[in-house]
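Asks: Sequence:
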Amino acid sequence: MARVNGVGALVAAACVLATAAGAGELLRSGTFDWHLRQPTFVQGGLELMVVWVLLFAASRLRRSAAFAVASAAVVVLFVRLHSVDLALIASGVYCAGIYGLGSFLSRALAPQPASADLAEGRRVLVGLLTLSCVLWSGGLWYGLGFRQTQLLGAALALAGLALGAGRWRSLGHAAADRVRGERNALASAGWTLLATALLGLLVRTNTVLYYDSIWYGLRPDRVLFGEHGIYSYLGLTTQVHYYPKLYEVALSPLQGHGDLSIDLAFNLWATLFLVFVVRACAMAQGISTRTSTLLAVALTCVPACLGAAETSKGDVLAAAFVLLAARFVQEFARTRDSRLLADVLACALVATGLRLSTLPWLAVLLLATVALWVRLVLHRRTAAFAWLRGGAGMLSALAVWTVGLVHYRTFALTGTWLITNAKLQHSLDALGWKLRFPIGSLTGGEAPAGASGLVDVLNFAVAPSGYRFHVIKWMGAVWLVGALVVLARLAIAPSRVAWLRRHGVILAIGLLFPVVICLNAWPVRGGDGNYFIVPAACLAIAGFAAIRTSRLVDAGLLASAVIGTAMYLLTSNWVTGTEVPPRTLLRSPFDARQQLDAYLAQDNLTYVANYLGKCNVHTRVTGLLPDSGPAFALPARYEPLQEMDWDNAASLASTDAFGRLMKATGTQLVVLPADDRLPHVATQRRLFDFVRSAMLSWQASGRAVEQTRRGDYVLYRLTDAAPLRNCPAR
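Using the numbering used here, the letters of the sequence shown correspond one by one to residues 1 to 730.
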């Protein structure tokens, strides 16, 4: 009889129990009682279970050809029924083009790393940097607009497909071998569960219009690109429009094609890349291949990760590049080849261009890297500046130039290199980095009442319902088990120094988790769960590297991943399940207009949208419309008065100050409710009364005229603004 690994059994039980405890706490809170009864959850969940079983059965077929045909048949039928086949193909081809660019150019930039995982990671890194370098340089030098950037990006992707053609056959065989798990049932179950979760994510792009996505991610033609490109002043006041936009520009070739799922599906491939990187980091820490696979799946199949992946935000890709940087640091420590520092620098810079929320983790990583580099240089065990010479130097220069262009946009438009909350912005003012009017500072900045780093970190896993955004972005609990194993290892096991030396970089990032919670001032307690993908992964990797894994551990990870996937389907972004029948194989994928029209109709904005749709897309509009999100789907550069009040409260304290704000933003049209009995007016009574009074005053003085009335709203034209283009007279 095989000997049972007692520690492994304990860890496996802890993973399942902790994950079940967190899920149970969310269910007991009553928040999702309505969601549980919806056909979209019940039928969608059953449908995905069938898909998982079929994919798993296909993975157990002995012949590779039979596996390929069977799994392809399941996927093709599923995506066609949900009309997301075009999204899967178009986004996949685009990502393959980026990878192809990297495959072709990475050989010239630096010698290939000995580790296959690092070579693959570098190809993605170089491909994304090359694409971004061309698009951002074109924006700076030639003022490329949205359509021009789309065409250039598509051309680069097609070139990458041709240049990387030699890689596709070997890459396909490698992917098939991993999914089949070398005849290992648990690994196959993990891979096919991941594939099923990602297919569910893809289908949900037909129904999920996340607030942040429609706020800025899905309308780059209006709130990212101006008439003279990405460096144009747009007159927008909210800071979110001035964050680093590397992800949004890279995504632009996939947007505006009549199917919102195409650009949202880009994150499906980013999630696969994250799984690949987490798995590589785990294997580099000595964790077995099978456990590394299932650990990566368990960490990914949670609402925090999959929920972020179904939006048009770069959190998942940014997390992948932070962890890839950590993996390059691991390799540098092992080989002492300082040329790898160019890869570390490039990954870190790309991560900052994708999401500023990566900065705390990057700070720890770079401090550890510098300390390691200095120690090795002082002991003459590595070349000090090899990462600045030859191909490595070219990679460093490419990263600095490209991401420099990304951050230069922030500086050129705002006057500061770093966008942050009001409290920290005052510190930057002392350096001369002052926000230019009318861009406002984010409100908040004081630590929320009751904030406690260790308590909050524990609650994120097992009691998430008390946190506004963790309710829909729960992080699972596998990482908490990893953290507890780390603490136990440090407390009772010998040879701590040697263990810390091997796992120190990963562990340092993970242990920063509670520190960041204590010190950072989130406007909402706990922030978003997707902010913490990186430290959660690091804690889990460090913890599972401290034990001898077994099939029991792997089974516990798989069970945790199943629970996490179910909770994602139930809770993510407040939208439950997928779709309900009937469906047809002949359904058109080009449903963006229908999807957006239905979204606008939720708040009775159809008439306003029809009018603005005849105007120039750069028409600058503000107004007091329902703030639930649909107003952002208006076909113009719309920004709510609620946001202006949030960021520039002083400018809405007097009519004169409001007039200066309207002039600084270049506002041409102001949309107000024609009837003050509309439901959303009750919650914005002060703002409504103030702006309506200003419009009546300006009408009397000739500064504003009533342009038209549409549905429940009246549109005022400001006469001292730029003339309207293409807008109907009435």
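Don't read these hints as lab results, they were simulated from the structure.
Among the hints, a few may not be true.
Said to hold, decoys possible - The calculated DMTMM-like cross-link candidates involving lysine to aspartate or glutamate, where the alpha carbons are at most 25 Å apart (straight line), are: (1) K614 to E579; (2) K663 to D33; (3) K614 to E227; (4) K614 to D603; (5) K663 to E643; (6) K663 to D597; (7) K434 to D656; (8) K614 to D656; (9) K614 to D597; (10) K614 to E706; (11) K663 to D221; (12) K614 to D689; (13) K663 to D591; (14) K614 to D337; (15) K614 to D712; (16) K614 to D627; (17) K434 to D689; (18) K663 to D689.
Asks: Hint by hint, note whether the structure agrees.
Replies: A quick look at each hint next to the structure:
1. With a C-alpha separation of about 33 Å, the suggested pair K614 and E579 falls outside the 25 Å cut-off, and the hint is violated.
2. Among the hinted pairs, K663 with D33 is inconsistent with the structure: their alpha-carbon atoms are about 48 Å apart, more than 25 Å.
3. Among the hinted pairs, K614 with E227 is consistent with the structure: their alpha-carbon atoms are about 17 Å apart, no more than 25 Å.
4. A C-alpha spacing of about 20 Å is found between K614 and D603, which places the hinted pair at or below 25 Å, so the restraint holds.
5. Between the alpha carbons of K663 and E643 the distance comes to roughly 17 Å, so the proposed pair stays at or under 25 Å and holds.
6. A threshold of 25 Å between alpha carbons decides the hint, and for K663 with D597 the separation of about 31 Å lies outside it, so the pair is violated.
7. Proximity of K434 to D656 is assessed by CA-CA distance (about 23 Å); at most 25 Å being required, the pair is judged to hold.
8. With a CA separation close to 31 Å, the supplied pair K614 and D656 exceeds the 25 Å bound.
9. A distance of roughly 15 Å separates the Cα atoms of K614 and D597; the hinted pair therefore holds under the 25 Å criterion.
10. This hinted pair checks out: K614 and E706 have alpha carbons roughly 17 Å apart, not beyond 25 Å.
11. At roughly 22 Å between alpha-carbon atoms, K663 and D221 fall within 25 Å of each other, so this suggested pair holds.
12. Note on K614 and D689: the hinted pairing is violated, with a Cα-Cα distance of about 29 Å set against a maximum of 25 Å.
13. Taking the CA atoms of K663 and D591, the gap is about 37 Å. The hint is violated against a cut of 25 Å.
14. Proximity of K614 to D337 is assessed by CA-CA distance (about 59 Å); at most 25 Å being required, the pair is judged violated.
15. Straight-line distance between C-alpha atoms of K614 and D712 comes to about 19 Å, which keeps the hinted pair within the 25 Å bound.
16. Between K614 and D627 the alpha-carbon distance is near 23 Å, which keeps this suggested pair within the 25 Å criterion.
17. Distance hint between K434 and D689 is unfulfilled; the C-alpha atoms sit about 32 Å from each other, more than 25 Å.
18. Restraint check for K663 and D689: the C-alpha separation of about 20 Å stays at or below 25 Å, so the hint holds.
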